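Peer 1: The primary structure of each chain is shown beneath.
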Amino acid sequence: QSALTQPASVSGSPGQSIAISCTGTSSDVGAYNYVSWYQQHPGTAPKLMIYDVSNRPSEVSNRFSGSKSGNTASLTISGLQAEDEADYYCSSYTSSSTYVFGTGTKVTVL
Amino acid sequence: EVQLVESGGGLVQPGGSLRLPCAASGFTFSSYWMHWVRQAPGKGLVWVSRIKYDGTTTNYADSVKGRFTISRDSAKNTVYLEMNSLRAEDTAVYYCARGAMGFYYLDNWGQGTLVTVSS
Numbered sequence: 001q002s003a004l005t006q007p008a009s010v011s012g013s014p015g016q017s018i019a020i021s022c023t024g025t026s027s028d029v030g031a032y033n034y035v036s037w038y039q040q041h042p043g044t045a046p047k048l049m050i051y052d053v054s055n056r057p058s059e060v061s062n063r064f065s066g067s068k069s070g071n072t073a074s075l076t077i078s079g080l081q082a083e084d085e086a087d088y089y090c091s092s093y094t095s096s097s098t099y100v101f102g103t104g105t106k107v108t109v110l
Numbered sequence: 001e002v003q004l005v006e007s008g009g010g011l012v013q014p015g016g017s018l019r020l021p022c023a024a025s026g027f028t029f030s031s032y033w034m035h036w037v038r039q040a041p042g043k044g045l046v047w048v049s050r051i052k053y054d055g056t057t058t059n060y061a062d063s064v065k066g067r068f069t070i071s072r073d074s075a076k077n078t079v080y081l082e083m084n085s086l087r088a089e090d091t092a093v094y095y096c097a098r099g100a101m102g103f104y105y106l107d108n109w110g111q112g113t114l115v116t117v118s119s
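Residue numbers (my numbering), protein chains in the order written: chain A, 1 to 110; chain B, 1 to 119.
Think of the hints as simulated: they come from the structure by calculation, not from any bench.
The model shown is predicted, which means the values in this text are computed figures rather than measured ones.
Where a beta carbon is used, it is the ideal one built from N, C-alpha and C, also for glycine.
Treat the hints loosely; a few may be bogus.
Have a look at the derived ranges for each label pair, beta carbon to beta carbon [stated by the list, open to error]:
no.	chain 1	residue 1	chain 2	residue 2	range
1	A	Val60	B	Ala40	24 to 32 Å
2	A	Thr44	B	Thr57	29 to 37 Å
3	A	Ser95	B	Lys43	46 to 54 Å
4	A	Ser17	B	Arg87	20 to 28 Å
5	A	Gln81	B	Gly16	40 to 48 Å
6	B	Lys76	A	Ser54	49 to 57 Å
7	A	Ser78	B	Gly66	16 to 24 Å
8	A	Glu83	B	Phe27	33 to 41 Å
9	A	Asn62	B	Leu11	29 to 37 Å
10	B	Ala40	A	Ser58	26 to 34 Å
11	A	Gly79	B	Phe103	39 to 47 Å
12	B	Lys43	A	Ala82	22 to 30 Å
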């Protein structure tokens, strides 16, 4: 149950687009379309941003989008805003009937 | 409004035990899988365990298998995490989360409770 691999940090200027990758294996990310993404601001609980690879809860801005190719999923944030500065984690259901999170990515808005 | 409230955290010695309750409200508790996720200080999220809505199925991360037990009490709308043989590396904020009905993601989270394992 190794953590999914994410870049430690990604940064961008306001208005720009950034992408965060999430690489797993054929037993998790590559096995199912059950990848979800969570946003976490310091000292708070995680918040669901994307589920089932590319679906967005109604309360989440359409600036957030998700995709997947093979064993790698991606979260894209377009029109970057100051409030997007946070930690982001991907997660996947696994073939062992467990879940695994990514290593986490700190997004900085320059 | 969905609410998940964890409690029971605190300081415990290595080798000790602790039970974390998570009180749920605002939804039909007996219809949802429930999960525990932890986060060591300054580190990332780690999935710990889940329990089926009727309590018949449980799954665990390898790092806690055999030491932690998840359970639920539908009469009290509460899910528990019993932690035994605690180690320093179990030090973390423990979050209770609801599994989305029919899906494989966590749609609501509690505020977390801190467990510190230290002598």
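Peer 1: Does each hint hold? Answer for all of them.
Peer 2: Each hint tested on the structure:
In this structure the supplied range 24 to 32 Å holds for Val60 of chain A paired with Ala40 of chain B, their Cβ-Cβ distance being about 27 Å. Checked against the given bound of 29 to 37 Å, the beta carbons of Thr44 of chain A and Thr57 of chain B, roughly 30 Å apart, stay inside it. Restraint check, Ser95 of chain A to Lys43 of chain B: a C-beta distance of roughly 25 Å breaks the suggested window 46 to 54 Å. Checked against the hint of 20 to 28 Å, the C-beta distance between Ser17 of chain A and Arg87 of chain B comes to roughly 42 Å, which is inconsistent with it.
Between Gln81 of chain A and Gly16 of chain B the CB atoms are about 45 Å apart, so this pair conforms to the stated range of 40 to 48 Å. At roughly 38 Å, the beta carbons of Lys76 of chain B and Ser54 of chain A sit outside the given window of 49 to 57 Å. Taking the beta carbon of each, Ser78 of chain A and Gly66 of chain B are about 45 Å apart, not inside 16 to 24 Å as hinted. Separation of Glu83 of chain A from Phe27 of chain B is about 28 Å and departs from the stated range, judged on CB atoms against 33 to 41 Å.
The supplied range of 29 to 37 Å is broken by Asn62 of chain A and Leu11 of chain B, whose beta-carbon atoms lie about 45 Å from each other. Against the hinted window of 26 to 34 Å, the Cβ-Cβ separation of Ala40 of chain B and Ser58 of chain A comes to about 33 Å, which satisfies the hint. Hint check: Gly79 of chain A to Phe103 of chain B, Cβ distance near 28 Å, so the stated range 39 to 47 Å is violated. Separated by about 25 Å at the C-beta atoms, Lys43 of chain B and Ala82 of chain A satisfy the suggested range of 22 to 30 Å.
Consistency note: the structure conflicts with the earlier hints numbered 3, 4, 6, 7, 8, 9, 11.
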